[in-house]
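S.K.: Put chain H on the given structure of chain X with help from the hints.
Here the protein sequences come in this chain order: X and H. Just so we're aligned, residue 4 is where the first sequence starts under our numbering, counting upward by one. Just so we're aligned, residue 126 is where the second sequence starts under our numbering, counting upward by one.
Be aware that one or more of the hints could be misleading.
Derived CB-CB ranges, DEER-like [said to hold, decoys possible]:
{"#": "1", "chain 1": "X", "residue 1": "K319", "chain 2": "H", "residue 2": "D284", "range": "23 to 33 Å"}
{"#": "2", "chain 1": "X", "residue 1": "Q249", "chain 2": "H", "residue 2": "L323", "range": "49 to 59 Å"}
{"#": "3", "chain 1": "H", "residue 1": "S196", "chain 2": "X", "residue 2": "K243", "range": "51 to 61 Å"}
{"#": "4", "chain 1": "X", "residue 1": "G48", "chain 2": "H", "residue 2": "I159", "range": "48 to 58 Å"}
{"#": "5", "chain 1": "H", "residue 1": "H220", "chain 2": "X", "residue 2": "T401", "range": "22 to 32 Å"}
The hints are simulated quantities; they were obtained by calculation from the structure and are not laboratory data. Where is the CB? At the ideal position from N, CA and C, for every residue including glycine.
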Amino acid sequence: MERIIGIDLGTTNSLCATVFDEGPEVIGEGENAVTPSVLSRIDSGWLVGQEAQKRRISNPENTVFSIKRLMGRDLEELGELVNELPYKIVEGDRKLLKVRIGVSEPYQDFTPQELSAEILKKVKQRAEAALGEAVEKAVITVPAYFDDAQRQATRAAATIAGLEVARIINEPTAAAIAYGLDEKQDLQKDGHVAVYDLGGGTFDISILKLSGKIFKVVATHGNTQLGGDDFDQALVEILKKRILQQHPQAHFEDPESKQILKKTAESIKIELSLSPETTYTLDFPKQGVSFTDNFKVEDFESLISPLVEQTLESCKHVLQQAKLSLAQIDEVVLVGGSTVVPGVRRKIETFFGRSPHVAIDPYKVVAIGAGIQGHLLAGGRRDFLLLDVIPLALGIETLGGTFSKIITGNTTIPVEESETFTTNVDDQTSIDVNIYQGERELIKDCRALGQFKLRGIPPMKGGFPLVEVMFRVDANGILTVSASEKRSGKKAEIEVIPFHGLTQFEIERIMEDSFENAIDDYNERQLIEFRLTAERVFQGIEHNWNVAESALTETERDKIRMQMEVVRQSIKGQDSQALKAQLDALGELTRPLADTAMGRSILTELQGESADS
Amino acid sequence: MAFDEPACHTCETTLVSRLFCFSCNALQPFPREIDFFEVLGFPVSFELKSAELEERYQQLSLELHPDFYGSAPEAEQLLSETASAILNTAYKTLHEPTLRAGYLLHLLAEKQQLDERSLPEGFLAEMFFLQEELDELLDSVNSVELSAMHDDLQNRKKDIEADYAPLFKKHEEHPEDSGILQQLQTHLNAERYLRRLLERIPVAD
Numbered sequence: 004m005e006r007i008i009g010i011d012l013g014t015t016n017s018l019c020a021t022v023f024d025e026g027p028e029v030i031g032e033g034e035n036a037v038t039p040s041v042l043s044r045i046d047s048g049w050l051v052g053q054e055a056q057k058r059r060i061s062n063p064e065n066t067v068f069s070i071k072r073l074m075g076r077d078l079e080e081l082g083e084l085v086n087e088l089p090y091k092i093v094e095g096d097r098k099l100l101k102v103r104i105g106v107s108e109p110y111q112d113f114t115p116q117e118l119s120a121e122i123l124k125k126v127k128q129r130a131e132a133a134l135g136e137a138v139e140k141a142v143i144t145v146p147a148y149f150d151d152a153q154r155q156a157t158r159a160a161a162t163i164a165g166l167e168v169a170r171i172i173n174e175p176t177a178a179a180i181a182y183g184l185d186e187k188q189d190l191q192k193d194g195h196v197a198v199y200d201l202g203g204g205t206f207d208i209s210i211l212k213l214s215g216k217i218f219k220v221v222a223t224h225g226n227t228q229l230g231g232d233d234f235d236q237a238l239v240e241i242l243k244k245r246i247l248q249q250h251p252q253a254h255f256e257d258p259e260s261k262q263i264l265k266k267t268a269e270s271i272k273i274e275l276s277l278s279p280e281t282t283y284t285l286d287f288p289k290q291g292v293s294f295t296d297n298f299k300v301e302d303f304e305s306l307i308s309p310l311v312e313q314t315l316e317s318c319k320h321v322l323q324q325a326k327l328s329l330a331q332i333d334e335v336v337l338v339g340g341s342t343v344v345p346g347v348r349r350k351i352e353t354f355f356g357r358s359p360h361v362a363i364d365p366y367k368v369v370a371i372g373a374g375i376q377g378h379l380l381a382g383g384r385r386d387f388l389l390l391d392v393i394p395l396a397l398g399i400e401t402l403g404g405t406f407s408k409i410i411t412g413n414t415t416i417p418v419e420e421s422e423t424f425t426t427n428v429d430d431q432t433s434i435d436v437n438i439y440q441g442e443r444e445l446i447k448d449c450r451a452l453g454q455f456k457l458r459g460i461p462p463m464k465g466g467f468p469l470v471e472v473m474f475r476v477d478a479n480g481i482l483t484v485s486a487s488e489k490r491s492g493k494k495a496e497i498e499v500i501p502f503h504g505l506t507q508f509e510i511e512r513i514m515e516d517s518f519e520n521a522i523d524d525y526n527e528r529q530l531i532e533f534r535l536t537a538e539r540v541f542q543g544i545e546h547n548w549n550v551a552e553s554a555l556t557e558t559e560r561d562k563i564r565m566q567m568e569v570v571r572q573s574i575k576g577q578d579s580q581a582l583k584a585q586l587d588a589l590g591e592l593t594r595p596l597a598d599t600a601m602g603r604s605i606l607t608e609l610q611g612e613s614a615d616s
Numbered sequence: 126m127a128f129d130e131p132a133c134h135t136c137e138t139t140l141v142s143r144l145f146c147f148s149c150n151a152l153q154p155f156p157r158e159i160d161f162f163e164v165l166g167f168p169v170s171f172e173l174k175s176a177e178l179e180e181r182y183q184q185l186s187l188e189l190h191p192d193f194y195g196s197a198p199e200a201e202q203l204l205s206e207t208a209s210a211i212l213n214t215a216y217k218t219l220h221e222p223t224l225r226a227g228y229l230l231h232l233l234a235e236k237q238q239l240d241e242r243s244l245p246e247g248f249l250a251e252m253f254f255l256q257e258e259l260d261e262l263l264d265s266v267n268s269v270e271l272s273a274m275h276d277d278l279q280n281r282k283k284d285i286e287a288d289y290a291p292l293f294k295k296h297e298e299h300p301e302d303s304g305i306l307q308q309l310q311t312h313l314n315a316e317r318y319l320r321r322l323l324e325r326i327p328v329a330d
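Just chain X, with the same shape it has in the complex:
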């Protein structure tokens, strides 16, 4: 049976899991199990994970984090976030975001999809190293409230990383699977479960109905731009104010200062989860500013209170959508790193009036659920079924900028609905349709997903053609559109132009580029390796030159000296293969020397041994 791993591609951390003989578990141990979702640019490559994390302060403008918040979004939607992040963000064609690396031209621009792909590559490599086998397929989790553009972006990232996406599933649903199928958990196996998922950058609340083998999502709500990062940012604003009171000249616009503030905020948040008060020190060596103060847990809690209230509003909303009262919720499950904050946990407990399940590590539970789903998809078991929903309605723009829903929100997927369109004028052969996603009445309040152009409609009188467009949302929550003209039976051609997303062509181009880069990277790695080898060889020759005096002829020694010069020239070049060839030639010339030297050292050792005995 092939293996399909589960990957939790998080805002802050990414990890993967699979089903072992002993049961489902995260792949890798300790630090190797978690890959911080951070990457840092060096020369023509990326450092990913822990190594990149270390460079957040030393190299802030080249170090990228929280990429998940950029997936499938545009500049306008990001709002204040653009100024808060220490790295540069620009907008390209079709509102596609790009992270800009470099202080001056030529810049290097990367889409969030490409950056996420680097993280996925790292997770994949680590999984392969730990499992000792190739990993090609994965279930990847996304926030339940991710819209079509954000899901498409996630899938594109996986494709670029060389992973086949077996399924995209929602994070809270993954968590529900992990709990629901774990016999050790005293979770009621028939009833309504609320999954509250507050991560680094996103929030979701989902209500599932468990009955028999079926996990059915009843309703979901959330905010893809609310998470622990916002707690940090609220803290950063307070820290700035406090510092300015003592050091009015201090300024925080540069990437390094932003990182120092962000890192300090993170550690204050973590400390306050463990103790009622914490002392912190902020050093800005370039400004000669050093600041030390205390932070009390009650101040932190009142600071984040409005954010937590927002999540509870979503909880009310989702209950309304599910047509359930609070009393009908049988179980509450907590997921995501931000639910370990005691102030958050208390509020959830008060709201639902019951103590939540936290037994499975909230950092790991999503990956574990994804791993179990991967096992099911690979054919490893078929004793449960997940029925998920599309979070937001899908529809089209109609007259006057109104949004006409074709598939309503919280509909079980897969689902298909068709809609019939016609032409306005005689002999019109194409129709443009704008696709939106959202829950509001007007398209200006919904997200534009893209435009499709219906072409190849047979010329007929205006209003006569009947073009049936089929909207299909697959089990990944991703939309595809197809169309046919019913009177002629002719299949209409559809070209979908995604907003905020990559076209198939662009994905392929990135993959080709990364293939070329992969060769470059390989060349570079080889160069570094051969240069080190050359150094070792030179040292070896020098070390044994006294032997050469007696073991080699004058001509042989000259040849070696000449070849060493050739290698020195090659080291300065960029061609790893040429360097290797010259090194090989040098090795050939020095073989008699090596043989003699080795013979001697063996002899010396033998003599030494016999002398001892």
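M.R.: Only chain H this time, still in chain X's reference frame:
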């Protein structure tokens, strides 16, 4: 609506649902114009036991869902996806009494010309009045009166819904009487108005 006992494409067992043969576990190719009752394997009738519907839906989901066809040939994967999609739509439609009534009426009235906009006598004027009253209540945030109005509208809606079953039954007994179908259409239209008003009232905590 002839229900001509469909048989399995492979083993020829009579099918419960046109989508799947529980006897030989084979996905069934199904016609595009399949109706939702055939999808779930129930006779074309308004009478439907909710528990039975739920059970059949789960049974079929556990057989049809694309998750179970991950390593199947592509044609089968596609069929499972299409079958699951129509199953989900069919379940959703038949599960909600109002949607079921609307769908069934659409099936039954196929060849008849119904007045699709008909409303009960004086209903529209009453709705205008209620609409204005609701606007005022929403402006004044009067939660007590709002919730009273909510209950009133809810009760009217329930009264209408209670009529569906007997009207459909009457139609089964007198299929030639098109007046019954027109009456159902009027009920459905009225309920839609009530639902729209109800949607505007925020639910109290």
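S.K.: State for each hint whether it applies.
M.R.: Cross-check of the supplied hints:
1. X/K319 to H/D284: 23 to 33 Å: holds (29 Å)
2. X/Q249 to H/L323: 49 to 59 Å: holds (57 Å)
3. H/S196 to X/K243: 51 to 61 Å: Holds, at about 55 Å.
4. X/G48 to H/I159: 48 to 58 Å: holds (55 Å)
5. H/H220 to X/T401: 22 to 32 Å: holds (28 Å)
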